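Chains as they are written, first to last, in the numbering used here: chain A, 1 to 250; chain B, 1 to 231.
A portion of the hints provided could be inaccurate.
Unchecked claim - Simulated pairs of lysine-lysine, PhoX-like, Cα-Cα distance not exceeding 20 Å:
no., chain 1, residue 1, chain 2, residue 2
1, B, K83, B, K55
2, A, K246, B, K105
3, A, K246, B, K83
4, B, K122, A, K148
5, A, K148, B, K55
6, B, K122, B, K83
7, B, K119, B, K80
8, B, K103, A, K246
9, A, K246, B, K119
10, A, K117, A, K143
11, A, K235, A, K217
12, B, K80, A, K143
13, B, K105, B, K83
14, B, K122, B, K80
15, A, K160, A, K148
16, B, K105, B, K80
17, A, K148, B, K103
18, B, K105, B, K119
Treat the hints as calculated values from the structure; they're not laboratory data.
Quick caveat: nothing in here was measured; it's all calculated off a predicted structure.
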Amino acid sequence: MESRLRDLFSYIVNFFLILLAWQALSSISRGILPGPVETLQWMWSNETLSSIGYNTLITLRNAVLGFTLALLLAVATALISRINTSLDSLVSSFNVYVQSISALIWILVFLVIFGFKSPIPPILVTTGVAYPILLSSLLGGMKAVDRKIVELAELFGATKRQLFTHIYIPASVPYTIAGSRAALGAALRISVVAEAFGSSGGIGYKLTYYFDLYNYKGMMAWALLLVVLMVLLDKLVLEPVERWSKRWLP
Amino acid sequence: MNPTISVRGLYKDYDGRRVLENINLTVGRGETLGIVGPNGIGKTTLLRIIAGIEKPSRGEVKVNGRVGLVPQDDLLLPWKTLKDNISLGLVLHGASREVIEEKVKSVSSLLELGGHLHKYPKEASGGTRRKAAVARALVMDSDVLLLDEPYVGLDVKTTQSLAGVLNRLRDRGVTLVIVSHQLWELASNADRIVFMNGPPGRVDGEIDLRGLSQEERISRLLAETRRYTVD
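For reference, chain B alone in the conformation it holds in the complex (with noise of 0.2 Å):
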């Protein structure tokens, strides 16, 4: 499988400190790869790098295909409806209104959303504006979706409900890479993960959970847990 993603070499710097050294990362198409560590370690860093938003100090990141990014902090334009800004990247690009309208409503409805549509941010609880953020993403027809911290603060029903989202984009092969501090939050999507220590940043360990039954993955990620140390 040609990777969508591939990271050689990377190491990134912020006066003179180094916060990620020697990453080397491969994500093949329509795979889920997980990114797991302890807080401030750089995985945003990284993420913003393969987003394009930041330049690495040194090494090589490829990307195949159009990257759409969901923040930590959703980054929603409070001043617009979540209409508005599910179709963000569509109105700079220019797109005609009913191009707007239709891909919005397809991916509205895809992550249950229309309901919720007409309201500001601020109207919206935690779980709608994360979904909303990953729309945001969809709309673009990303191949590639990177997910900061997409759980955090998701009551449990919701953190479900956007895992079953995440898995449905995964068939429809979407590229997912999610970084989280929580080893447990990745249990029900990720086919691979990969674990950052330090500092500063860099590769420590990778499970593979390909082909594994749900029972096995639980058991193979119990067993991982007390290999790793994470917060």
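Just chain A, with the same shape it has in the complex (with noise of 0.2 Å):
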């Protein structure tokens, strides 16, 4: 409890530092960078709360649905790497190749592909970034599991499914939730991206479409927003997750 509420404390302090550093940088660029009062002002008087909800909830959404299909792809992908040991070198060496693509290189293929006002591209992008680091942490809980575990099970006559549900997949699932906290991070920040450069909606689009008409406070004021929501995410959702599925762990 102790240790929470000094998290707590750290949390606030370093909030308070930004914003000063914040207002700092606001005053060396004298006034084209809007500091944190102004943006909050501009904020409160130029976006309904509709536009912020709609806007926030397309970005969730893209996060969200691209985070969940990475997932998904990454279970089936790391079960097939358990079949045998060659497949399991060829997943390995397939990551390694997945993790080498760049954000930027999802974000062109899929904007080629399916258009720039498709909704599609911000939600395959998540899925491209959040893959890999979803799959190498799958992987890596799989192969931490003790081989005499499995054995153990194989004695009590487990079939190769119950090896997945009963050892391998348990096993795993500490090192995907800490895997997903950064996945899901990452899936939101490249979700962002995505929606800048191609898509009708969303925080990324809220900041290019202000950054285009040179309005500083509305992408300021965009990126707080962006900001403040990954960090709730984090501290509401994806630690409390974390910190449950690592209860069993000595």
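Now that you have both chains on their own, put them together as the hints suggest.
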């Protein structure tokens, strides 16, 4: 409990330090970069709650759908890797290739395929970015399983399917959740970039919209919203889930 | 008495290195056999071969009945509670919820585990974890129980408690093979003790403690301790 309070205190202190740094940068830029107070005032008087809600939901939808698709693909790939050592080696090297593909390449490829106004590219781009992170976590978790535990389960007559459901998958849950925390964060950040390139809604779309209008207060307001969204998602959802998933770890 | 376990001319090689040489053993039904020898002599390998986890390079191993293994490091699944660990084998065999509840309850009562079933392994003491590993093998109605260094790391009270449990199992007709590197750990359990030496690991002698009183067992073990060099 004491460490959680200390944690919360650190977050509050850091929040104010960032605000101070932001204000200092604003002063140095002689008004080109708006400060936190101006930004909040602009948000209050220029954006409606429905616009904030609508665009935030689009970004969340893109990130969550892309992340879910990546998780399903990562679980399927990890299961394939456990069939035999050749497939394990194939999946490991495949993961290295996928990790090497830049988010920008995913964005351009999916924009070429689906077009600039399609809602699909931001979703698939987040999938492309989150997938290797999740796959690495899952493979790491599965490989960390003590071989003797598998042998013991086999002595009890466990089938290959039962080894997955009773041993490999549960053993890799804490690794996957920890990876999910990183992957969902990356998914949100990349979803915004994909929206900026080609989309008709979302936080990324609003960011570029105000940037193109040279409206830096609007740009900073939506950037602030993105940061707050990510911090809240991490602290209120991902961190508690990760703590729960690690409850049995020694 | 028909042997429950029969090991004939067993050899085991790893990458051209011989670790077990010409092992011959028989264990009768309801008998407790102790295997004593220095660390790294191949006792665990022998147990894993009897369990069927590893194959011998040469020789024959026959086991009549269902085998349960209690590994040295317990190997409890850390993400499952002790109750779920104990019932693992039953779940894998598709046993009904009622059967699982009944068997876990019965074995937990025998091993005095009742108050610990909801705990994760990390929350349980070493002795409780060891008992849970024994219970996991027992719920499968094992006829043969193979125990690898069951007393390592346990305090005197827990050692005595576990030794009592093993004696009760023997009285129920369960065949026990207990591996240890400490001769005295087997004093209260074993009907016979075989000594392994090497390398490569081979049977180097045997003492029969059947029919002896506790005092006679102790004086026999004292005499044998002088004959065999054990770590």
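Hints versus structure:
1. K83(B) with K55(B): Violated, at roughly 31 Å.
2. K246(A) with K105(B): Distance of about 28 Å is beyond 20 Å: violated.
3. K246(A) with K83(B): Measuring from Cα to Cα gives roughly 19 Å; hence the hint holds.
4. K122(B) with K148(A): 18 Å, holds
5. K148(A) with K55(B): 15 Å, holds
6. K122(B) with K83(B): 14 Å, holds
7. K119(B) with K80(B): This hinted pair holds, its Cα atoms lying about 9 Å apart.
8. K103(B) with K246(A): 29 Å, violated
9. K246(A) with K119(B): 15 Å, holds
10. K117(A) with K143(A): 42 Å, violated
11. K235(A) with K217(A): 27 Å, violated
12. K80(B) with K143(A): 19 Å, holds
13. K105(B) with K83(B): 9 Å, holds
14. K122(B) with K80(B): Distance ~10 Å between K122(B) and K80(B) Cα, so the pair holds.
15. K160(A) with K148(A): 15 Å, holds
16. K105(B) with K80(B): 17 Å, holds
17. K148(A) with K103(B): Given pair K148(A), K103(B) is violated - Cα atoms ~25 Å apart, limit 20 Å.
18. K105(B) with K119(B): With a Cα-Cα distance of about 15 Å, the restraint between K105(B) and K119(B) holds, given a limit of 20 Å.
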